[in-house]
Amino acid sequence: MSSRELILGRVRAALADVADDEPASWIYDRDADEHSRYARAGSRDPEALAALFADRCGEYRATVTRAERAGLGPAIAAACARHGASSLVVPTDLPEAWRAPGVEWREDHPSLDVHALSGFDGALTGCAVAIALTGTIVLDAGEAQGRRALTLLPDLHICVIGEEQIVEGVPEAFERLAPAARSGRPLTFISGPSATSDIELKRVEGVHGPRRLEIVIAG
Amino acid sequence: MRNEFAEAARHEVANSQLRANIRNATHTIRAKREEAVAEVPDWEQLREAGRRIKERTMRNLDRHLEQLERSVTAAGGVVHWATEAADANRIVGDLIVGAGAREAVKVKSLATDEIGLNRALAARGIEARETDLAELIVQLGEDRPSHILVPAIHRNRGEIRELFRRTLPGNEQLTDDPAELAEAARRFLREKFLSAKVGVSGANFAVAETGTICILESEGNGRMCTTLPEVLITVMGIEKVLPRFADLEVMLQLLPRSSTAERMNPYTSLWTGVTPEDGPREFHLVLLDGGRTKVLGDADGRAALHCIRCSACLNVCPVYERTGGHAYESTYPGPIGAILTPQLTGFTQGNSLPWASSLCGACYEVCPVKIDIPSILIHLRSRINREVDGYGGGGERLAMGLLARAFARPGRYERAQRFGRWLSRPLTREGWISRRLPGALGRWTDVRDLPAPSAETFREWWAQRR
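Protein sequences appear in the order of chains E and C. For the first sequence, the numbering used here begins at 385 and goes up steadily by one. For the second sequence, the numbering used here begins at 4 and goes up steadily by one.
Don't take each hint at face value.
As the list claims (entries may be wrong) - Simulated pairs of lysine to aspartate or glutamate, EDC-like, Cα-Cα distance not exceeding 20 Å:
1. Lys195(C) to Asp497(E)
2. Lys200(C) to Asp97(C)
3. Lys586(E) to Glu37(C)
4. Lys373(C) to Asp417(E)
5. Lys195(C) to Glu130(C)
6. Lys586(E) to Glu183(C)
7. Lys35(C) to Glu584(E)
8. Lys35(C) to Glu390(C)
9. Lys586(E) to Glu324(C)
10. Lys586(E) to Asp180(C)
11. Lys297(C) to Glu389(E)
12. Lys586(E) to Glu51(C)
13. Lys586(E) to Glu186(C)
14. Lys200(C) to Glu233(C)
15. Lys35(C) to Asp417(E)
16. Lys35(C) to Glu589(E)
17. Lys586(E) to Glu38(C)
18. Lys297(C) to Glu443(E)
19. Lys373(C) to Glu418(E)
20. Lys586(E) to Asp90(C)
21. Lys586(E) to Glu69(C)
If you're looking for bench data, these hints aren't it; they were derived computationally from the structure.
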C-alpha cells in the first residue's frame with residue numbers, strides 16, 4: 385500500500401465517529417449565527433481610510449507620504465533623495481508618470497539575476513490592495529508589481545498606492561485578492577520593513593528583506 | 004508514577020539566569036498581546052470562527068487532503084506523502100540530492116524540528132542552514148529551541164554576542180546591541196540566500212481549494228527561501244490544511260496578534276505551485292502524518308490538532324514561565340505541548356506532561372482557536388492512568404477509589420470528614436500540617452504546607468444553624 389493510501393486510510397479510520405454525509409466544508413453563514421459573525425466590511429470613508437492606513441504604517445516605521453496623481457514623479461524623487469537612492473529597478477509595466485527625473489531606471493527585463501537585483505539602491509512598484517487597520521500592503525504580481533524577488537533584494541522598497549486601493553480590514557482585502565489567488569499568482573503581504581524581535585524581544589528593523597519602506601499614497 | 008517532567012524541570016528551575024530571561028520575555032509579550040487583542044471589537048467572533056473552521060476541517064480531513072493534492076498538482080507542484088518522520092526525511096534528502104545540491108536554506112519550521120530533519124540530512128552529508136535569527140542562534144550554539152515563536156528566548160544578548168564572536172567569521176569586535184547582532188546575521192546569510200539551490204520550509208496554512216501555501220514571518224528570510232532557490236520543498240503536518248481561501252482571512256487576523264502581538268507580521272507569503280518567471284521552478288509539498296492520525300482518532304483529544312502555533316498559551320502559563328521550554332523535552336513545549344506530545348507519540352513520550360499544569364485555564368482564555376486545553380489535559384490524565392504502564396498504580400487507584408466511595412453518599416462523606424480530622428490532629432501545629440508525612444504522602448508535604456481540617460465542617464455548622 386502506498387503512503388498516500390495508508391495515511392488516508394488512517395484518517396478515515398480515525399474519523400469513525402463522524403457521519404459520512406456531514407458537509408465537507410464549514411459554510412460561512414453569518415446571518416444564522418452571531419457567535420462567529422465577525423466584521424466583514426468597514427464603514428470609514430476614503431479620506432478616513434487613507435489617514436488610518438498612513439497612521440498604522442507609520443507605527444511600523446515605514447515612511448508614508450501623500451501626493452496628487454499628477455505629482456507622483458516629484459514625490460518619488462523625494463523618497464529616493466531621503467535615502468540617497470540613485471538607481472531603481474522597476475517592473476516593465478510601470479506607469480511613465482512615476483519615472484522621476486534624476487533617477488537611474490532599469491526594467492527587470494529580461495529577468496535580472498539575484499546579484500544584479502541586490503546591487504540596486506531600491507525597487508519601485510505599485511500594489512494590489514492595502515489594509516488600513518493593519519497597515520499592510522499586498523502585492524499580487526499584477527499590474528506595476530513585477531516578480532517577488534524585485535521587492536525583496538534591494539534595501540529600499542518604494543510602493544505607490546492608489547487611494548481607491550485601500551480597504552478597511554483583512555476580509556475586504558481577501559475578497560479583492562481571491563481572483564489572483566485562484567489564478568495561481570503569488571501574494572506577498574508587507575507590513576512595514578523587515579524586522580526581528582528574536583533577541584530579548586527588542587524590535588530591530590531590517591534583517592533580510594528591505595530595511596526601508598517608503599509608501600506614497602496617490603489621491 | 005515516574006515524573007520525567009519534574010525531573011527535567013528541577014535542573015531548569017535551578018538556573019536563575021534562565022528563569023529571569025524567560026520571565027522577562029513572557030511578561031513582555033503577554034502584556035503586548037493583551038493590547039493587540041483589546042483593539043479588535045470582534046475578537047470573540049473571530050476566535051469562534053477560527054475554532055469552527057478548524058473543527059470542520061478535522062472532521063473531513065481526508066477530503067480536504069485529497070483536494071489539496073489535486074490543487075497543488077494542477078498548479079505544477081508535486082505532492083509527497085510521509086507516514087512518519089523517517090519517510091519525510093528520506094523524501095526531502097532525496098529531493099535535495101536529486102537537485103544536485105549538498106546544502107539547503109531553511110525557514111523556521113516546527114514540523115521539520117519535530118522530525119529531526121537537520122540531523123537526518125547531516126547524516127547524508129547535506130547541510131541545512133537555519134535562516135531565522137533565533138533558529139540560527141540555536142543552531143550555531145548546538146542548542147535546543149525553548150519556545151515555539153522565539154526559540155532562543157532563553158538566551159540574553161550577552162550570550163548571543165559571545166556565540167556570534169565565536170562562530171561567525173569577522174565579528175570579533177561585535178557589541179551586544181541587538182541591531183548590530185541582527186546585522187551580523189544578515190551579512191552571514193546574504194550570500195547563502197543568493198546562491199542556494201534548494202529552500203526548505205514549513206507551512207502555517209495550506210488552502211485545499213486553491214493549492215495555496217501560506218507562511219508568516221518577520222525577517223524576510225522566509226521570502227528569500229521561498230522565492231530565490233530553484234527548488235522549494237515544503238514539509239507540513241496534514242492538520243495544517245484549510246478548506247477555502249477565505250478561511251485565511253480569519254487566521255491572518257488571529258495569528259499575528261496572538262503570536263507576536265502585532266496587528267500584522269511584517270511578511271506573509273502565499274504561493275500556489277510554480278509561477279513561470281517568478282520564484283522556484285520546482286515545488287514539492289511533503290504531507291506528514293507523524294502521529295497526527297493518532298491524535299485525530301481520539302474524539303476528545305482531537306482539538307489539539309487545531310493549534311495554529313501562536314505560542315500565546317506558553318506566555319501565560321505559570322508552569323512554562325518557571326521551567327522554560329527545555330523541561331518539556333519536545334518540539335512543542337507549554338500547555339499545547341502537554342496535550343500534543345503524548346498524543347502524537349502514541350503515549351511513548353511526554354506522558355508526565357498532562358500533569359505539568361495547575362489547570363488554571365489561562366491557556367484556554369488566550370487560545371485564538373479556543374482549544375479547551377484544560378479539559379484535554381484532564382482527559383489525557385485519565386487515559387494515561389488507564390492505558391500506560393507505571394501510571395495510575397495501586398496506591399493512587401486505591402486512594403481515588405476510596406474517595407469516590409466517600410463522595411457517593413452524604414453519610415459516608417460526613418464520616419470521612421470526621422475520620423480525617425481525627426487522623427490529622429497529631430500532625431497539626433497552629434492550624435497547619437507542615438511536618439513530613441510518612442511514605443508516599445511525604446511527596447506532598449515536601450513542597451507544600453497543608454492547611455489542617457477545621458474544627459467544625461461546613462455541614463456541621465449548617466446543621467446547627469438550622
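Evaluated hints:
1. Lys195(C) to Asp497(E): 15 Å, holds
2. Lys200(C) to Asp97(C): 14 Å, holds
3. Lys586(E) to Glu37(C): Cα-Cα ~18 Å, so holds.
4. Lys373(C) to Asp417(E): 17 Å, holds
5. Lys195(C) to Glu130(C): Answer holds: Lys195(C) to Glu130(C) is near 12 Å, not above 20 Å.
6. Lys586(E) to Glu183(C): 12 Å, holds
7. Lys35(C) to Glu584(E): 14 Å, holds
8. Lys35(C) to Glu390(C): With a Cα-Cα distance of about 41 Å, the restraint between Lys35(C) and Glu390(C) is violated, given a limit of 20 Å.
9. Lys586(E) to Glu324(C): Within the cut-off at roughly 19 Å; holds.
10. Lys586(E) to Asp180(C): Within the cut-off at roughly 10 Å; holds.
11. Lys297(C) to Glu389(E): Answer holds: Lys297(C) to Glu389(E) is near 16 Å, not above 20 Å.
12. Lys586(E) to Glu51(C): 32 Å, violated
13. Lys586(E) to Glu186(C): 14 Å, holds
14. Lys200(C) to Glu233(C): Since the Cα atoms of Lys200(C) and Glu233(C) sit roughly 5 Å apart, the hinted pair holds (cutoff 20 Å).
15. Lys35(C) to Asp417(E): Violated. Lys35(C) to Asp417(E) sits at ~31 Å, over the 20 Å cutoff.
16. Lys35(C) to Glu589(E): Given pair Lys35(C), Glu589(E) holds - Cα atoms ~18 Å apart, limit 20 Å.
17. Lys586(E) to Glu38(C): 17 Å, holds
18. Lys297(C) to Glu443(E): 44 Å, violated
19. Lys373(C) to Glu418(E): 17 Å, holds
20. Lys586(E) to Asp90(C): The hint is violated at about 39 Å.
21. Lys586(E) to Glu69(C): 43 Å, violated
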